[in-house]
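Peer 1: Dock chain one against chain two, each of which comes alone in its own frame, and use the hints as you go.
Protein chains in written order, with this note's numbering: chain A, 244 to 638; chain B, 148 to 417.
If you are wondering where the hints come from, they were derived from the structure by calculation, not from laboratory data.
Treat the hints with caution; some may be incorrect.
[To be verified] Here are the computed lysine to aspartate or glutamate pairs in the DMTMM-like style, where the Cα-Cα straight-line distance is at most 20 Å:
#: 1; chain 1: A; residue 1: K623; chain 2: A; residue 2: E613
#: 2; chain 1: A; residue 1: K623; chain 2: A; residue 2: D634
#: 3; chain 1: A; residue 1: K417; chain 2: A; residue 2: E433
#: 4; chain 1: A; residue 1: K481; chain 2: B; residue 2: E296
#: 5; chain 1: A; residue 1: K545; chain 2: A; residue 2: D560
#: 6; chain 1: B; residue 1: K335; chain 2: A; residue 2: E530
#: 7; chain 1: A; residue 1: K481; chain 2: B; residue 2: D231
#: 8; chain 1: A; residue 1: K417; chain 2: A; residue 2: E335
#: 9; chain 1: A; residue 1: K623; chain 2: A; residue 2: D560
[What the hints assert, rightly or not] Distance ranges between label pairs, derived from CB positions:
#: 10; chain 1: A; residue 1: L575; chain 2: B; residue 2: I302; range: 20 to 30 Å
#: 11; chain 1: B; residue 1: L234; chain 2: A; residue 2: T367; range: 32 to 42 Å
#: 12; chain 1: B; residue 1: G353; chain 2: A; residue 2: L575; range: 36 to 46 Å
#: 13; chain 1: A; residue 1: H529; chain 2: B; residue 2: A228; range: 25 to 35 Å
#: 14; chain 1: B; residue 1: A228; chain 2: A; residue 2: P354; range: 49 to 59 Å
#: 15; chain 1: A; residue 1: K481; chain 2: B; residue 2: G353; range: 23 to 33 Å
#: 16; chain 1: A; residue 1: S519; chain 2: B; residue 2: H233; range: 48 to 58 Å
#: 17; chain 1: A; residue 1: N579; chain 2: B; residue 2: L301; range: 12 to 22 Å
#: 18; chain 1: A; residue 1: N579; chain 2: B; residue 2: T226; range: 23 to 33 Å
#: 19; chain 1: B; residue 1: L252; chain 2: A; residue 2: N579; range: 19 to 29 Å
#: 20; chain 1: A; residue 1: P558; chain 2: B; residue 2: G353; range: 50 to 60 Å
#: 21; chain 1: B; residue 1: L217; chain 2: A; residue 2: I429; range: 28 to 38 Å
#: 22; chain 1: A; residue 1: P558; chain 2: B; residue 2: L301; range: 42 to 52 Å
#: 23; chain 1: A; residue 1: E274; chain 2: B; residue 2: A256; range: 19 to 29 Å
[Unchecked claim] Sample of chain B residues facing chain A (criterion: CB under 10 Å; computed from the structure):
#: 24; residue: V320
#: 25; residue: N321
#: 26; residue: S331
#: 27; residue: S413
#: 28; residue: R415
All C-beta atoms, glycine included, are put in the ideal place defined by N, C-alpha and C.
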Amino acid sequence: MATTAPSSDSATTSAPPGNGLLVLLAAMTPEQFEQVFASLTASFPAEDLLIASPNAISADAHSSLRIVSAPANNPAWTLTAADFANAGQLAEKNEARAILMLGPESGSLGPPALRELANAVLSTTDLAVPCYDLPPHAGLVNSAILYPLTRALFASRVRFPLADALGLSLRMAKCMADAARRFTAINQGERPLWPVNEATVAGFAIEQFDVGACVQPAGPDLNTILPLVAGSLFSDIKAKAAFWQRFRPLPPADNFTLMPLAPSADAVVDITLMLSAFQLAYSNLHEIWSLVLPPNSLLGLKRLSTTDAAAFHMPEDLWARIVYDFLLAYRLRTINRGHLLGALIPLYLAWVASHINITASGTDPERHIEAVAAAFEADKTYIVSRWRWPDRFNP
Amino acid sequence: MQNILAVMLQTSINQTSPPLPADNASIWHHMADALHQSFDRILSLLIAILPGILAFLVSLAVFSLIGIALSALLHRGLTAAKLDEHLAHGRGNSDWMPSTSPTALIARASFWACVLLGLIIGVSAFDASFSTATALPSLFLTYLTRVAEAAVLLIAGTLVARFLARSVLIGAVNEQLQYARFLSLGIKWLVLVLTAAMVLDHLQMGGHVVELAFGILFGGIVLTLALAVGLGSRDLVSRSLEKHSGHSGEYSAAPPATPTSGSGDSIRHF
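One chain only, chain B, in its complex shape (with noise of 0.2 Å):
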């Protein structure tokens, strides 16, 4: 198909234009130039990397290897030594699981420690070899540095918004609020939506958008909350209200929501 194309360009040209051989050949040859140039480019580029990259695994290896032998040996003296009998009679608690036993914690640290260390020096390595070539990596290493960061943020953020749905759906269970499940997820996307703003803004992506957008979500999340909420729960504060003006000062305040029975007190848990 294509050559069929080509054949019929070239008869048409032939058939509307006469030849101009000198000004192709030019055009070609600058063509073929400006190819060669970016090629060479890509090779030097690709020539200053593989060094930093070869460095890079070459750390990372060595340092995981450090980090095996450092962690076998450790948990071998360590277990030699009864470190986890010692600290269990001091602590009158021998339940150690054979996975979080204080040796096996300590080795495992020891071996992430090294691998850690590992990557560090393989960041270092590959960035030296790209302080000699051009800004262009320094700005990519700097731009993965925030990436990396940002992806932690992430990771923190989802953690607290699932501790906090949870810790609210099982107070809000246990206070008997028909709308927990709604309240929960509400509170989870409030997180969500801090996380995601954070995450956006330290990449520094969409600018005085991200903050826009940001602000009218969250207002829009905790307005519908607070609408919920209030339309909701207007018994349970009313009843709050009562209790609470009927016996100010008293020692301790009974269950505000805890199901006893219908008769009072009659039920008593302690």
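Chain A on its own, in the form it takes in the complex (with noise of 0.2 Å):
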């Protein structure tokens, strides 16, 4: 089968198309590929279309579409510092007004969905990002940490700061390029960004779409992935820290609200494994968490340690002092950072066996992930204090 422009340079310059969006596709597999296609070809018409990919695309399937090839990345679960890279580089090539970046997951999203994502970069908004509609016990990395973090620091109510799929204004595209080219430049390309973060930061609009049910990442290892992207974050708030010390109010959350979760067949899930991992992590590494976290959090892992898989709930407070103690001695290097965030790994399970267990209540998932960005709101003050003087008693 005949392929358009899989071998062409990346520098080639396509007149821009009718409305200025060009599309920009993460490295992803033939299958994802077709589908993110199939949704493109049905959200706009071929000629607004212009497509940037490191795939080979059959020329024959696609010959209305106008295609041009992106450099290659190596596949990655989410869009990456290199992805944002290349966006700007091909965003100014081809005088694009605007960017649609899809990730290998992009392909669940509906037509309407991509179209609310371009329509608003193309209008006034900076940033589109959407919001997905998970099941109960997914995303709980972005539930736990990233969410909650962002919202406190950032004062963002963007539910998903990690999302495969964005919308780019050219402004923005560039301020990410100049983010990701910092990363790019010491071969570290495959870093996620935190494109909420830098709008924020740049005072930038940002909106986000419900877009329904997505296709989640397939298999990333939770202890390799996490401290990736617990690092990432860390070092991103690390970097602005500047900006979040100063109190902003959070934005009214009239103008979108989440919708409910339909209740699923997979809300019942077994606890035991994550309370083994903690209790194990309890007796093996109290002396590591000894360094990072103030006698209070201790006792109260203490006791959690001790408690049964029925009674099982880790409160919101002390998980959002954890995460604040990690972030701190992430910033002070306490112990190695590749430590410290392995260390995180036990804790972040036993939260999310505290999770299942009030969800399992009846209690409403989202909810309980609002009451924890509630108490890491109510937090701010702690690591703001510690921030400027880390060598205060903490007791």
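Peer 2: Structure follows, in structure tokens:
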């Protein structure tokens, strides 16, 4: 089968499409690629589409589309710094007005969702972010760490700061490309970036859209990905400390409300393995945790380690305090950063077990996640204070 | 008590043998001569050492003072030139701690460089003052250098052992290995035994005994760990083998031992 532009130079310039939208696809498998293509062709007229992709594309099947090749990146489970660097470069070369970046699992987004994201960045919004309708026990790293931290520190209500699909205005794309070049220059192009944080610091307009259910990335290993994601977010927070230490009010939630999550068949989950992981870690990693956590948090963990599965509940303020103390230890390099983020994994599993217990008791998962985010907000004074005076007495 | 013993000895000598005044005088004379000579040698050695020690101390003090002055000068100059702010602007990160800002680091490095220079010059002066003396001090200096190197080796080995022990402990806990602490301790002692053997070898102490003991200890620890891991992770290995035989060639493997749930993939962390 013939292909178009797979080997052509990435510097090839194509005339901008009618509406100035450039769609940049991340590296993906052929099945994912076909799925994304089907969604795109159903969403936009062919003459409005300028697609940049590192994949080999069949010319027979997509002869009506204008396609340019993008530099090939290593396949990743989310959008990476290298993707953002390519987006900025391609947008400039093709004189695009806005960019739609689609990750490997974007094929599950329906045409209305893609249209909404694109139309937002073609009008006044700088960053359009999808809000997924996930099952109750999905996207837990996002719910436990990414969303509450982003909301508390950057005063943003974006529910999925590490989304797989994004709409960017041209100036937002340039801003992200600048941030990405810092990592690509030192051969760290596979790191995730934090567009919500960048947009908030730059004062750009952010909007999120309900895009319905989404297929989640398959099989990322928690022990590898959690340190990567948490480390990347901690590093970004550290770099933007001057911004978030000032008080900023959280925008009202009226303009966007999350859809209530439908109860699913997997609502009841056995948490025994997660609890045994936490208990094993408590008996082995106590010495390392005591370097990072204050005595009060250690006492809370001690109580949790002796609690049985049915009554297991990690208080929201304890979890917020733990994450803040790990963030602080990351900044101060109290222990090696790889060790620090590795030691966070069992604590995260304890939070997951607690979250599952709470949702099993009939509480709406979204309500619990909001309570966690509220605890992070309420404790923001703690992290600001300790960030400025880390050596002060901390019981 | 000593006086009583001396009196008793004198009386017993007087009773048993006749006095030999000439021989006694000769012995005492020889002993006094020997003592005088050794005392002279110690004095001359001290006289030879003292200028060296003085030179060492003066050199260290002078260079430390120069270091303090240079450090203060650099700190003031770099603060006036706003080096921290320029670097923070270029790096996009203004989050310097006061103790780790580039200005403070440069000032501190210059001070310690001066102190190090003073030490080197002081030791050279000490060595030079000794070169005219006996061969013993130069041997002593060479051995002192070896001791310093061995100390550095010991510190580095201890740090590496601690780092590896922590890495293994955290990794093993996250892999749900019940013997995580045992494994971590085993790794720590492996590295410590290796370090101890290297240090003793560097100090040229023990000879073949150290090599032999090291071989036995190292082999013993490795064998113990292998047995413990082999017996303790039979289930893990068999699960891993089953998984690989069932899913060979797929894009990415599922987490090997990350606890998710008892009901398959209903928990998605991402």
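Peer 1: Does the structure break any of the earlier hints, and which numbers would those be?
Peer 2: Violated: hints 4, 13, 15 and 23.
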